[in-house]
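Assemble chains B, C, D and E with the ligands onto chain A, guided by the hints.
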Amino acid sequence: MTLTTSGLRKAFGGVVALDGADVEFVPGKVNALIGPNGSGKTTFFNCVTGMIKPDAGRITYGGKDLTGRAPHVVARAGVGRTFQLCRVFPRMTAVENVLAAVRPGGLVHGLRSAHRRAEIERAHGWLTRLGIEHLAGAEARNMSWGQQKLLELAGVLMAEPNTILLDEPAGGVNPALLDRIGTLVRDLNAEGRTFVIVEHNMDLVMSISDHIVVFDRGRPIAAGPPAEIRADERVLGAYLGV
Amino acid sequence: MVSEIELVDVQAGYGRAAPVLRGFSVAVPAGTVVCLVGPNGAGKSTVLKVAAGLLAPRTGRILVGGQDMTGAGPQKMLAQGVALVLQGHSVFREMTVEENVLLGGYTLTDKSKRARRAAFVKELFPVVGERWHSLAGLLSGGQQKQVEFARSLMVDPKVVLLDEPSMGLDPKATSTIFDQVVRMRDAGTAVLLVEQNARRALETADLGCVLDLGRVHISGPAADLLADPQLGELYLGGRPAEKPPVP
Amino acid sequence: ACGGGGDSSSSADDPIVVGISLPLTGDFSEPGKGVQEGYEAWAKITNDKGGLLGGRKIELKILDDQSNADRVVADYEQLIGSDQVDLVVGPFSTRLVVPSARVAQEYGMLFVEPAGAAAEVFNQGFKNLFYAAPAVADDHYNHLAEYLLALPAGQKPATVAYAAMDDPFAQGTAYGLKKKLEAGGVKTVVDEVYPPNTTDFGSIAAKIAAAKPDMVVGGSQYQDGVNLIVALQQLNYQPKLAAFSTAPTNPEFAKAIGNKTEGILSPTGYSQDAPYESNKEFVEKFTAQFGKAPEEDQANGYTTGQVVAAAVEAAGCAEQGDCQQKLIDWLHGNTVDTVVGPLKWDATGKPQGAHMIQQWVGNDIKIVLPADAKEADLVYPKPAW
Amino acid sequence: MWRCSRRWPSGRRDSSEAALPNVSKPGASEAGSASPGPNVSKPNASGAGSASPGPSVSGPGASGAGSALPGSSVSGPGASGAGSALPGLSVSGPGALEAGSALPGLGVSKPSPGLGVSKPGTPDAGSAGPGRWLPLGAGLVLVVAILVFPSLAPNPYILSSGVIVLNWAVLATAWNFVGGFTGYISLGHGALAGLGGYATGLLITKAGMPSFGALIVAAILIAALAVPIGFAALRVRGASFVIVSIALVLILLLVFQSWSSVTGGSRGLVVPRPFPGMLRPEHHRVFFFLYGGLLVLALLTWWLLDRSRFGMGLKAIREDEDKAESLGTPTFAYKLTVFVVSAAFTALAGGLYALWFGDLDPVFQFSVLTGSYIVLMALLGGVRNLFGPVLGAIVVGVALEYFKAEFGSSPLHLVTTGLLLALVVMFMPDGVIPSVTALVQRLRKREQSSIREVTAADLAEQRKRDREEANT
Amino acid sequence: MLLLQSVILGLLLGGLYALLAAGLTLYFGIMRVVMIAHSAFLILAAYLAWWTNDRLGIDPLLSLVVTVPLFFGAGVLLQRGLLSRLRPATLTMMSVLITFAIALMIEGLLGYAFSGTQRRIQLGYGTASFDLFGARVAVVKLIAFGLAAVSLAALYLLMKRTQFGWALRATIQHRDAARLVGIDTERTAGYGFGLGLATAAIGGTALSLDTTIYPSLHWHWIGPLMAIIVVGGLGSVAGAAAAALVLGLAQSLLQIPMGATWAQTVFYVALFATLAVRPQGFFGGRLAQRF
Ligand SMILES: Nc1ncnc2c1ncn2[C@@H]1O[C@H](COP(=O)(O)OP(=O)(O)OP(=O)(O)O)[C@@H](O)[C@H]1O
Ligand SMILES: Nc1ncnc2c1ncn2[C@@H]1O[C@H](COP(=O)(O)OP(=O)(O)OP(=O)(O)O)[C@@H](O)[C@H]1O
Ligand SMILES: [Mg+2]
Ligand SMILES: [Mg+2]
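Residue numbers (the numbering used here), protein chains in the order written: chain A, 124 to 365; chain B, 33 to 279; chain C, 3 to 387; chain D, 1397 to 1868; chain E, 7 to 297.
Hints are not guaranteed to be accurate.
Claimed, not checked - Simulated pairs of lysine to aspartate or glutamate, DMTMM-like, Cα-Cα distance not exceeding 25 Å:
#1 Lys145/B with Asp218/B
#2 Lys242/C with Glu264/C
#3 Lys287/C with Glu39/C
#4 Lys1860/D with Asp302/A
#5 Lys108/B with Asp65/E
#6 Lys158/C with Asp379/C
#7 Lys257/C with Asp65/E
#8 Lys242/C with Glu108/C
#9 Lys352/C with Glu39/C
#10 Lys242/C with Asp137/E
#11 Lys1860/D with Glu244/A
#12 Lys166/E with Glu265/B
#13 Lys262/C with Asp65/E
#14 Lys346/C with Glu108/C
#15 Lys262/C with Glu108/C
#16 Lys1860/D with Glu265/B
#17 Lys154/B with Asp339/A
#18 Lys1860/D with Asp260/B
#19 Lys204/B with Glu244/A
#20 Lys176/A with Asp145/A
If you're looking for bench data, these hints aren't it; they were derived computationally from the structure.
So here's chain A without its partners, still in its complex pose (with noise of 0.2 Å):
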């Protein structure tokens, strides 16, 4: 299942906050989307999950067109994300917030109840393995910023997509944790899931990583492996401030 991006473009007003995309993320590897603040990397994703229509371009997945569809549509069809300013659901329990991404069926599964034990162990496995178990009661409102940001990992990932689109996983998370972070990215990797993160941390980036991409002022300007990257002028010049 491949995502690509076609001569994306979205401007909002005067600022072109995508200028024509064109990427490619490699299927089944970790990819990780690198850039400046405002190059346009959040408004890349929320083009790719329909939360924004793009003013031009195609986005196709598997050789699907999810151009204009709506966030559930592409969803369903096996892309999930995280967002920058972390999104949960502040009145329900971490366990609920989790259970809530299981997502029904036709008429007859939407009816079945949404607290089966098999699904509850299920989500009590994502809290385990993002180190917040200890939360599980808690209301989400409750928690502090890096709690939330695992919270919402662990929604995500409950729903099973097979390209998972990351935004900022790193931000706000003890640095202890984002080791597990991404031993977990690479398991589920394994797994056979594909992953693309926005991030600013480097070492995990660069750690991670199999492939990533450089945006800048709304398109990219370099893609390959990290040890590539690094070594790249323009990235250098115009993302790590050298």
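Only chains B, C, D and E with the ligands this time, still in chain A's reference frame:
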């Protein structure tokens, strides 16, 4: 020498729930950067909220410049020279960048000073100047963070409390912020810094303090903390500190 | 009988409890209070004379229906079902009369009412209902219509503007006249209906003024009439004739429009000076009791009482059960003398009379039609207001 | 527990002196060399400078303070009584949840915000039991109450009040499909009831349908009509939605007043009696049971939705609509569906009312006040609870009658209603049922934390164990 | 002729709508509070004007000297005592209900004090009018319009140009952050609310000059006003004013062919059309959907 800000044996928490801070003390003298690190939910943000007057402690005292300010609200704290930059996003979304930045100088009576500071922050963070007239809520996450930091620079307080200022910032902006922290310290400001980018922060800081479950777990000179392998594993991430990749 | 719960045998000194629901609050509270005074005057005057059925006093049990149809039904439900009153009489306003009459009907009670003047009250098939006033809304202007249509061709108003509140009663009055005038060849140039809550009459007045009709007819309650007249005066419109229902007979009316009342017409079902026998007593005693002379609403309440009293005396009983049918049957076959004249009803409970027409002359309102009751001559065309 | 076995019992020093293990800038003097457990090599400093002016960062001074903390004993599994020994994948939260899902299908709604006793994740052995059976019990009590009330009612008036209260209960429950699940507060549901009433009445008078056939057809029609209405209204959120819902009432009022050729306008519409010969008390009894049946049906539906995945999706919408959508919930379709269901029940109640009451007047059928009473009721009882709206309807419905009796001759009943609403909003924004359960819980366990507290060290330990487990 | 007359009437009416809607906009767009009680306060002010005129014989315009500060104070109290105690997360929803409750109480108390009778100020110049290109302009309507225009302009300047305006907006958008830059958020929000109510005082007095009032009249006003602020774009004072003028004019003109009742529907038609075409409103309110 009195510390610019000092929290003494503070207990604090939200609503009726169990306390988050359970007897926490910290003191930050002028011209010092104290870095607070700890796992998610340890209570770091809570410490800063208490220090800035947003959250009243249940017990304990808060001294600013040696004066007891326990129970004072943020307005009074600011008047005493204590400023806080919140975690997450706290720009005024439906106001322009200009309005946001200028509001940072709300307490300034001197118009020319306000203009001077505004020019300074515009220079420091180019994006602030570039997007001067757009609504702050429409900026990207990192841009908003920069606006926020710029806003806090409109006044020059004696004590600066920073809650993960580098979160979501690209390496360039992160450097700017850490440089700024150093500059503030050199100008004699007391800085209490909370960071998850722990190694980087500890490198900048003079003192470090590891917070876990609302208590001080360990504290000491930042360099010592950095060197401790166990701390490294538990709180600072397993990998040794790595400089930004330079070829 | 109060709270007696089914014991229908009543001794001679038991009071006769009369249950009433009235809009003491809400939209109709003002006329509602008027009717209440009428009922109270009736109870007092009757009791002072020794009560009914040889000494049984009248006791009123009045509930507030907040001008709300749900409430009015619940009220009568409570009065009949729970409080076991002996008799019920009607509330105020057509909107409330129909639902409450149904409750009375389904409990088999007589229902005399002071205010359900609109035509549809009488086509619901009620057999227990009687309207205690001389005429239903549609017939209020009958005398005026006759007078106008009898005028010589040159003088007859050629065009008329109608503006009526969207209310069965108010609209009924204006449209009753409209129907008759149109049949007589008088052209309608404006026909406006406005919701009861209208407060701004500028546009309606503008429309009327622009059409320059000879005559303007307002199917109004009170305040809307005042507002419309003020708005017309603001536009400096001068018709040859202006007729408004209800409003001009209100004692506050002249002041409310800045005394520019000249020549305004209004139908009325009651006059304090009417020559009927019981009326003198009513005006006298009412004035003594309330410190002011009775108006139409008060008279309607009083009339209702008189009608019920007549039936009770004639049938010789007043309680729930079989007695009620006797009362109903008697009223269907007889005429009752009241302060608004003798009343009789057809099978639907509709009274068979017409209203008088009054006109503001100088600083006073006088009866001008019908000819046999008039206190002054109708001034036509009317002087400028 | 964990505190004793970990390497850094930093939270609780054993020495009783106010040994501030303060570590200062190099060179600064330092106190409490006796302080236990300092694992960081400290700069060589001497002197007992507890008066040390230097920057000091310290833990709690008093010893034992840590262990005296109430929190120290609060660890999830311990309280849950289930699998507390297993720190790892011990399923602490779901204790109650599992139990909930294993329940027999009857009127039990343990999962999530049912007749909530405790938060699902906060297993509470004590309250889980009664909590599980409470809804069932309450349901049974309700059914029995409905069955016996007519024979206990001393007179037809009381019975008719009962019908009115049941009508409110159905309306409030129907409202709660939208308000409770999705958090869209509609002040316009009174208009949907009015539409149901008018549709029923018009179908009988104009189309000559039999009364109850008309009722059903009307409900279907209104449900169908709810699709375009919902389509327009549900596009906007929050306050805008409230405005739209108010506007719906006002516009329908205007239409039904003005379009008199069809609706009868302000003259009203008279709906023929469904049982022409029936006496009034009997009539009330029949309708009381009809309303009772409708209420039970509405409650069952609500319960079914509440525990379902569909309901979970709706609740997610309430919390964060965009997020729900990004997780794959077709939010608009969900909202619309539940709005239609709500409209159908509302229309049924309205239609039944038309048949019972007989007179429809636009001013009363399309009144903002009706919708507001519904909201008041639902809110008072608690919108996240199965029986919240019913309870609210009983309280407010009875109170309305009472105020009317007490202040009947003055508009003070409005004041008291307003006051009641204000009090509820200010002091019980979640409703009576949650407030009371919270209170009970607080009394039972003074300070409870739903968060099991874990230090970084615990986590590391746990991780290690996990890894070992995985390896074996 | 009729057309010109209607245009004049429509504009005069629209001016009043604009002032009243501005108050609503203030709470609603800027403070996230749906103030259902706004029109109830409007009627309250009208009653006070009527009462002072009736009892004391004072010109209703003079009652402004009392009502404006009084309402301002009431607004501050209301905000401090009630609204500021609501949870921020549910503020919008709960504010609907609490202000609804207040509206009910005001209506009830007015009914209690003055009964449900319709009232109208009897002014010496009540029927006075002058000629304008052949159409008549009533003096009282012109006074009301003038009042509205002046207060609107003042409000606009206050919000856009003063430090207070900024502080108010900042307070609403992120209370903690506002406190941290040194704004006294409590006081600011209170004053903002007071300001809104002050517009109700002025509007009510203007209203009382030329229409009838009764306690439940506020229901009649709240619908059109709500529609106006949505059409104008939530939070935009200028947008609300523009929408008010346009809709007032439309209502007045539509009355010619459609009659009074149907003409009122123009507000709701406009409301639904706005939602369908531009949910954020036609004249402003860029982020309106976020509410
Ligand atoms: N809704 C919007 N309206 C106007 N401009 C917007 C909007 N959303 C994004 N932008 C602009 O588009 C540009 C790209 O924003 P985007 O959020 O995609 O950046 P990003 O790469 O995610 O940055 P960061 O690393 O800071 O998160 C920015 O300049 C931003 O101001
Ligand atoms: N508003 C709140 N209400 C109740 N509990 C809260 C609230 N905010 C935080 N908490 C709880 O207090 C504890 C400490 O929170 P705090 O935000 O201070 O953590 P933190 O150290 O800043 O974490 P992070 O690194 O994730 O930001 C957490 O366990 C959290 O669940
Ligand atoms: Mg971003
Ligand atoms: Mg934090």
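Quick rundown of the hints versus the structure:
no. : hint                    : result
1   : Lys145/B with Asp218/B  : holds (21 Å)
2   : Lys242/C with Glu264/C  : holds (11 Å)
3   : Lys287/C with Glu39/C   : holds (12 Å)
4   : Lys1860/D with Asp302/A : holds (13 Å)
5   : Lys108/B with Asp65/E   : violated (46 Å)
6   : Lys158/C with Asp379/C  : holds (17 Å)
7   : Lys257/C with Asp65/E   : holds (17 Å)
8   : Lys242/C with Glu108/C  : violated (50 Å)
9   : Lys352/C with Glu39/C   : holds (24 Å)
10  : Lys242/C with Asp137/E  : holds (22 Å)
11  : Lys1860/D with Glu244/A : holds (21 Å)
12  : Lys166/E with Glu265/B  : violated (53 Å)
13  : Lys262/C with Asp65/E   : holds (21 Å)
14  : Lys346/C with Glu108/C  : holds (24 Å)
15  : Lys262/C with Glu108/C  : violated (49 Å)
16  : Lys1860/D with Glu265/B : holds (12 Å)
17  : Lys154/B with Asp339/A  : holds (21 Å)
18  : Lys1860/D with Asp260/B : holds (20 Å)
19  : Lys204/B with Glu244/A  : violated (43 Å)
20  : Lys176/A with Asp145/A  : holds (16 Å)
Violated hints, in rising order: 5, 8, 12, 15 and 19; the structure is consistent with all others.
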